[in-house]
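**Q** Once you've looked at the hints, dock chain B against the given chain A.
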Amino acid sequence: MLQLKNITLEKEGKKILNKINLKLDDNRFYVLTGPNGSGKSSLAKVIMGIESPNEGEIWWQDREITRERIELRAKEGIAFAFQQPVRFKGIKVSKLLELAAGTKKIRGCGVLAQVGLCPKDYLDREMNGSLSGGELKRIEMATVILRKPKLVIFDEPEAGIDLWSFQNLIEVFKKLRKNYHGTILVISHQEKIMEIADKILLLKRGKLEEVEKIDNLRIRQKCGCRGGCIHE
Amino acid sequence: MNKLEKKLLKQVNDSKMTGAVNIRKNGKTWQRKNSQWVTIKDSQDGRGLEIWVKDNAPMAMVDIPVLLTESGLIETVDNNFYIGKNSKVVIYAGCGINNCGTKDTVHSGRHRFVVGQGAEVKYIEKHYGEGGNLGQKEINPVTEIELVKDAKMMIETVQIEGVDQTERVTKAVLQAGASLVINEKIKTSGKQKAISSFEVKMVGEGSSCRVMSRAVATDVSEQKFISNIVGNQKCFAHVACDSIIKDKGKVTAIPKIKANHVEAELIHEATIGKIAGEQLLKLMSLGLKKEEAEEEIMAGFLN
Chain A
1 MLQLKNITLE KEGKKILNKI NLKLDDNRFY VLTGPNGSGK SSLAKVIMGI
51 ESPNEGEIWW QDREITRERI ELRAKEGIAF AFQQPVRFKG IKVSKLLELA
101 AGTKKIRGCG VLAQVGLCPK DYLDREMNGS LSGGELKRIE MATVILRKPK
151 LVIFDEPEAG IDLWSFQNLI EVFKKLRKNY HGTILVISHQ EKIMEIADKI
201 LLLKRGKLEE VEKIDNLRIR QKCGCRGGCI HE
Chain B
233 MNKLEKKLLK QVNDSKMTGA VNIRKNGKTW QRKNSQWVTI KDSQDGRGLE
283 IWVKDNAPMA MVDIPVLLTE SGLIETVDNN FYIGKNSKVV IYAGCGINNC
333 GTKDTVHSGR HRFVVGQGAE VKYIEKHYGE GGNLGQKEIN PVTEIELVKD
383 AKMMIETVQI EGVDQTERVT KAVLQAGASL VINEKIKTSG KQKAISSFEV
433 KMVGEGSSCR VMSRAVATDV SEQKFISNIV GNQKCFAHVA CDSIIKDKGK
483 VTAIPKIKAN HVEAELIHEA TIGKIAGEQL LKLMSLGLKK EEAEEEIMAG
533 FLN
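Listed in order, the protein sequences are those of chains A and B.
FYI, in the numbering used here the residues of the first sequence are 1 to 232.
FYI, in the numbering used here the residues of the second sequence are 233 to 535.
Chain B with its partners taken away, still in its complex shape:
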């Protein structure tokens, strides 16, 4: 791995890679390592990976970073995760693109999760782009989740800079007692565009879902947040979309919540606005210039 690739990897994956690892570089597996609890293998159709986590794994670690440094590379990857019952697992799935060329580089990743009974998954996804302005850097993740009875999943997804175009889709089905927490943070600048949509069906009694999306759109960038939450049983969902817009940035929030059961409690909150004047005044009264104050407020918001 050269210096550029190492730097790119550090941007999207800051874990120590102590467990199972699969590093994908420019369309091919570059390094693979299995662990006591996790087996990673090529899927039968050759379109991606199968990641198998055994039952009762005490704390399994999985790192599956993707790096793209060849301008013009367009790839679609299908990964399937099978999480054994009562296991605990942390998965780092970053994607970094360095595109200094003139052609567009695109990574589309479809991740399917089947999370076994009583299992707990933490899924950390960090997306980053760098390079010149001529070739686009595009990342389109699709995450499909099935949470079996009493399974828990927490998703932390961050896109801080450099990705010109992204369309994120997250779909989940929650069985009885299952819980899904999603924290999403997206910053767009320049002419970047980001769309993020969530579709969560709570089909089991006592299931719960919390989605917190924070967005910062600056310059002439645009973001769209779409959520569609359905409660078919006694369940709880809270979706919050909180956005800061600056310059000519635009944010659209489209909420949809549907209760099909009298005990379904579904909440949606959406806030869009510029940085509050009193926040700027407070930080300026601590000696920060207006621009410095704006940076601190936006960095804290996406922290």
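Chain A extracted, bound-state conformation:
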């Protein structure tokens, strides 16, 4: 479905991604993990078209899209939830959801309820600083779910949300895992998210390793930690 061939990304003379080869199959749940600065977000941005690789090819549904623009990738079914949700002065939540869905009216807007927000409390709110980090994060998730993408990438969905919201987030992912027909790639450090993954991708210093399950990762990392971190 999605294939990366020898993807290399350099910034300021430093190799962020080093000859990455990766294949993501249909309808699978992947977690991409690794230490801070290992290139996880950059890899996700390369897939979405936000970053352009210096070398290598990206293939999506048997077609090369390495130089294709962001909006075209979006139209072809790739979606990306930003780690830091973007604020917009004057744009209401309902408008952003309409843009995401590509329709004028959002029917009932069950998607907000799906991410744990009451639609009537949020549809008329502005996407500005009056919303908390956790609220923005949930709305960000709603925008990508609404697109009904074939591949959806979540960049550290747990970042910046409180512990209570985190429990809720796990439920959102479990439901997505169960009901969603498409491929999910989540960048995360959280064991609880890794536990529901089909496969874990471990990125270290721009190099990618693949491990099947969380237990295998623990063995490989020699890490018995239950605190939810991945040690180098």
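Keep in mind that a hint or two might mislead.
Derived list of chain A stretches under chain B, where covered just means 3 residues or more per stretch with a C-beta under 8 Å from a C-beta of chain B [claimed, not checked]:
id, segment
1, 65 to 75
2, 88 to 94
3, 99 to 105
Simulated crosslink set (SDA-like; lysine to any residue; CA at most 20 Å straight-line) [unchecked claim]:
id, chain 1, residue 1, chain 2, residue 2
4, A, Lys-92, B, Asn-535
5, B, Lys-506, B, Lys-522
6, A, Lys-89, B, Met-530
7, A, Lys-92, B, Glu-527
8, B, Lys-522, A, Arg-67
9, A, Lys-148, A, Leu-72
10, A, Lys-178, A, Val-115
11, B, Lys-260, B, Gly-280
12, B, Lys-417, A, Asn-128
13, B, Lys-522, A, Gly-90
14, B, Lys-521, A, Glu-71
15, A, Lys-11, A, Asn-54
16, A, Lys-95, B, Leu-513
17, B, Lys-417, B, Ile-458
18, A, Lys-92, B, Met-530
19, B, Lys-257, B, Lys-273
20, A, Lys-104, B, Asn-535
21, B, Lys-522, A, Ser-52
22, A, Lys-89, B, Lys-478
23, B, Lys-522, A, Ala-101
24, B, Lys-506, A, Gly-129
Cβ-Cβ distance ranges computed for the label pairs, FRET-style [as the list claims (entries may be wrong)]:
id, chain 1, residue 1, chain 2, residue 2, range
25, A, Lys-105, B, Lys-478, 25 to 35 Å
26, A, Gln-61, B, Gly-333, 50 to 60 Å
27, A, Trp-164, B, Lys-381, 44 to 54 Å
28, A, Glu-195, B, Lys-242, 51 to 61 Å
29, A, Lys-120, B, Val-413, 21 to 31 Å
In short, the hints are calculated from the structure, not lab data.
Every residue gets a Cβ at the ideal spot worked out from N, C-alpha and C, and that includes glycine.
**A** Below, chain B without anything else, positioned relative to chain A:
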């Protein structure tokens, strides 16, 4: 009223005109209607209107749109509003210019308000221009406000497109407990120029003022925002000037706040910048082209 005038009127006034109405067309009153609570009459010097709202009006509506379709018409209008105590009133005061000719068309309107004790006024002003590029379309509103004790006034002023040149002046004096809220939105494109200045004196204890100005300047257009807020008593003021610039657009923000009393709390914020890159990326990741994303961001900003 012909089709063009009807279309122009719709651009600057979307109210149902259920109350008192005075439609001014090409320098003359075209239609006038008074209501139970509002009387509109020509001023004694013949330079404009006197609008009298009775005391205790429960919800008076006033529409005073101005339409100019004759190229080369230059007019100055003085309107005086007397708002009775404890009344509530909504005033629509749009100005639309259609100038397809070669001469400049200019409307300069001076609006003086005396808002009585405990009265509440909502003043909605929409300016719009259309027509060719040969004759200028210029609108210069001056609004002078006196808010008596505990009076409230909210001004929504919008200039979305087509006005080549504008110089807006708003002056207000606030007595004790009075409150003034101004939301201004101006978009300029092409070679358009807009200047907006505010001068608010808070002379009464417990008065408050909030000014929110949002500006979008594209192409080679220019805007200037000047504010001068003075607090003479225990009072509160918050002025925010927020601008997006695109292409070679220019925006200048000149703030001045002066506290003459230790309990005066005055805040000024000004932000000028291009559309944030991450805003564009987010909307592009939802399938919008870069140009479409820019339009949505600017439209939302001025919404």
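**Q** If a hint holds in the structure, say so; if it doesn't, say that too.
**A** Tested hints:
With 5 residues bearing a CB less than 8 Å from a CB of chain B, the segment 65 to 75 of chain A meets the requirement of three and the coverage assertion stands. Coverage of the segment 88 to 94 of chain A by chain B holds in this model, with 5 residues showing a Cβ closer than 8 Å to a Cβ of that chain against a need of three. Only when three residues or more bring their CB closer than 8 Å to a CB of chain B does the claim for the segment 99 to 105 of chain A stand; here the count is 3, and the claim holds. Using a Cα cut-off of 20 Å, the hinted pair A:Lys-92 and B:Asn-535 holds, with the two alpha carbons roughly 10 Å apart.
For the hint linking B:Lys-506 to B:Lys-522, the alpha-carbon distance of about 14 Å falls within 20 Å, and the restraint holds. For the suggested pair A:Lys-89 and B:Met-530, the alpha carbons sit about 9 Å apart, so the restraint of at most 20 Å is met. Taken as a hint, the A:Lys-92 and B:Glu-527 pair is honoured in the structure, with Cα atoms around 15 Å apart against an allowance of 20 Å. Straight-line distance between C-alpha atoms of B:Lys-522 and A:Arg-67 comes to about 16 Å, which keeps the hinted pair within the 20 Å bound.
Only pairs whose Cα atoms come within 20 Å are accepted, and A:Lys-148 paired with A:Leu-72 is accepted, the gap being roughly 15 Å. Taken as a hint, the A:Lys-178 and A:Val-115 pair is honoured in the structure, with Cα atoms around 15 Å apart against an allowance of 20 Å. Between the alpha carbons of B:Lys-260 and B:Gly-280 the distance comes to roughly 10 Å, so the proposed pair stays at or under 20 Å and holds. For the given pair, B:Lys-417 sits about 18 Å from A:Asn-128 by alpha-carbon distance, which is consistent with the 20 Å threshold.
At roughly 19 Å between alpha-carbon atoms, B:Lys-522 and A:Gly-90 fall within 20 Å of each other, so this suggested pair holds. With a C-alpha separation of about 6 Å, the suggested pairing of B:Lys-521 with A:Glu-71 holds against the 20 Å cut-off. Only pairs whose Cα atoms come within 20 Å are accepted, and A:Lys-11 paired with A:Asn-54 is accepted, the gap being roughly 9 Å. At roughly 17 Å between alpha-carbon atoms, A:Lys-95 and B:Leu-513 fall within 20 Å of each other, so this suggested pair holds.
A distance of roughly 14 Å separates the Cα atoms of B:Lys-417 and B:Ile-458; the hinted pair therefore holds under the 20 Å criterion. A distance of roughly 13 Å separates the Cα atoms of A:Lys-92 and B:Met-530; the hinted pair therefore holds under the 20 Å criterion. Restraint check for B:Lys-257 and B:Lys-273: the C-alpha separation of about 16 Å stays at or below 20 Å, so the hint holds. A threshold of 20 Å between alpha carbons decides the hint, and for A:Lys-104 with B:Asn-535 the separation of about 17 Å falls inside it, so the pair holds.
Taken as a hint, the B:Lys-522 and A:Ser-52 pair is honoured in the structure, with Cα atoms around 17 Å apart against an allowance of 20 Å. Our distance criterion of 20 Å between C-alpha atoms is met by A:Lys-89 and B:Lys-478, whose separation comes to about 16 Å. Of the supplied pair hints, the one linking B:Lys-522 and A:Ala-101 holds, its CA atoms being roughly 18 Å apart against a limit of 20 Å. As the CA atoms of B:Lys-506 and A:Gly-129 are separated by approximately 18 Å, the hinted pair is consistent with the 20 Å bound.
A:Lys-105 and B:Lys-478 have their C-beta atoms about 30 Å apart, which keeps the hinted 25 to 35 Å range intact. Restraint check, A:Gln-61 to B:Gly-333: a C-beta distance of roughly 58 Å satisfies the suggested window 50 to 60 Å. At roughly 48 Å, the beta carbons of A:Trp-164 and B:Lys-381 sit within the given window of 44 to 54 Å. Evaluation of the 51 to 61 Å hint for A:Glu-195 and B:Lys-242 yields a pass: the beta carbon distance comes to about 59 Å.
A:Lys-120 and B:Val-413 have their C-beta atoms about 26 Å apart, which keeps the hinted 21 to 31 Å range intact.
Consistency with the previously given hints is maintained throughout, with no hint failing.
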